[in-house]
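Asks: Those sequence lines, one after another, are chains A and B.
Taking this note's numbering, the leading residue of the first sequence gets -3, the next gets one more, and so forth.
Taking this note's numbering, the leading residue of the second sequence gets -3, the next gets one more, and so forth.
A couple of the hints might just be wrong.
Any copy, or any two copies together, can satisfy a pair, since identical chains are not distinguished.
Taking lysine to aspartate or glutamate and the DMTMM-like style, the derived pairs with C-alpha atoms no more than 20 Å apart in a straight line are [to be verified]: (1) Lys220 / Glu163; (2) Lys171 / Glu246; (3) Lys6 / Glu175; (4) Lys224 / Asp160; (5) Lys248 / Glu238; (6) Lys111 / Glu32; (7) Lys113 / Glu12; (8) Lys248 / Asp91; (9) Lys219 / Glu107; (10) Lys113 / Glu145; (11) Lys111 / Asp236; (12) Lys64 / Asp160; (13) Lys205 / Asp91.
Treat the hints as calculated values from the structure; they're not laboratory data.
From a predicted model like this one, the values you see are computed outputs, not experimental measurements.
Protein chains: 2
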Amino acid sequence: MSLISFLGPKGTFTHEVANMLGDDLIPYCTIPAVMESVANGESTYGIVPIENSIEGPVGVTLDSLAHKYDLKIYKEIIISINQNLIVNPGTRMEDIEDVYSHAQAIAQCQEFISKNKIQPHYAISTANAAKNIVGYRNKAAIGNSKAAELYNLEILVSNIQDNDNNETRFVVLSKDDHEPTGCDKTSIIFSIYEDRPGGLYKILGIFQKENINLTKIESRPSKKGLGKYLFFVDFNGHRDDEVIKNIIEEIKSNTYFLKVLGSYPEFR
Amino acid sequence: MSLISFLGPKGTFTHEVANMLGDDLIPYCTIPAVMESVANGESTYGIVPIENSIEGPVGVTLDSLAHKYDLKIYKEIIISINQNLIVNPGTRMEDIEDVYSHAQAIAQCQEFISKNKIQPHYAISTANAAKNIVGYRNKAAIGNSKAAELYNLEILVSNIQDNDNNETRFVVLSKDDHEPTGCDKTSIIFSIYEDRPGGLYKILGIFQKENINLTKIESRPSKKGLGKYLFFVDFNGHRDDEVIKNIIEEIKSNTYFLKVLGSYPEFR
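I would like the entire structure built from these sequences, with the hints used as guidance.
Replies: The structure is reproduced here in structure tokens:
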């Protein structure tokens, strides 16, 4: 039986994803702690969010994969994010003065919050926010229905996010990536030489030449100064495919840092 | 005399930058409020942070420039960010249980915080964090020396950021951008057609052909779904230069969205 660690506590969106994969679940309270548990063998798989369609990349996930842990992406899972206004039973909209949630959830519901003139406060997770408001009539939390259920709270308003295209992509990390399935994606990170103009153009040309489709390109500061970037690129194909192998070799010889985060089945 | 609005309250890093530019300063408590004040003519210039070398882009600045306000970048200013542990006079390290700061400052000092086993809490700004701890022996704030001064607090430990390459780039926004100086940069935002593979490659090729150096490339979610991006690109040259004019025209005909954020002197 495989142990699965996830970004907890119970009742988070990551918990919802973990439930889809197995029963032997352990929550950890930070993203690096989930990764650490896979790295040291306490768990076989670890689930963390990697990007949201509204708020963008989850910086700590990308930075930890780039700089701290040698883990592989074994699987990707994409779910729709529906945020709800969670309250104690009997609370009415006009009672609410303060609302608590994770910074990303607050950012996703900015219009709702300002329209209703309630004061936002940051919590370490959506589930923790729900836990914090138990017993307070003038406080609300923002989170998923699981969080409301867990703490015997009610959903006063559902789907309060500003934008309906709200999806989060999660990755299942492990020590090894996934064998080829015929419909795979590969994720890599690289840094280009800053003293060679057109470096990124050259790398993109390698994919273009082989007609390989990029599904994501994201830049992150390399932490070495402004204007110095790491690029996170996802593309179709498995690193065991002959054409992908050659692409990776060619990128390696044109970058000063390259890390293959792994190949895994495309989510559908 | 020109009124300058900035991301306040007083004592923030943005205030430090505003002080370099003039005396007639008005603080606003959010980045969109600063932009709104320039858009509606309450102030002539507005100063906001746009990117940090460790934590990356300031999402709300980029998103507001892309989707909400038609403002131009008139100037850029880059300063080194030194974070300090700020306490009430007489507080010792072992007294501190909680530390307050802006989310970016907390993120920049993660190693210091976890090494000293203090509990981080988010505040809306570094200056607000300093204000909040006045009178509490067991609380500290993270911020600049100005914030400590303003509230009669002391710096217990200086330069507590994880990484010494910590710089923030600020932009001065106005209704018009800057006339050419001979050493300028231009900022643009664009979206590529998703159904045309190699779209970004083609755009980068336009710069490459004219040997124009990109000083920044940043992707942000377009808020239309995962894998759909806006690209923020900065490059050398002024939009009044003949070669840059042609480049912008060529990009326009290869993208479905293009916004020129303006041309301004390169900071040195």
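Asks: Which hint numbers doesn't this structure obey?
Replies: Hint check: 2, 3, 7, 8, 10, 11, 13 fail, others pass.
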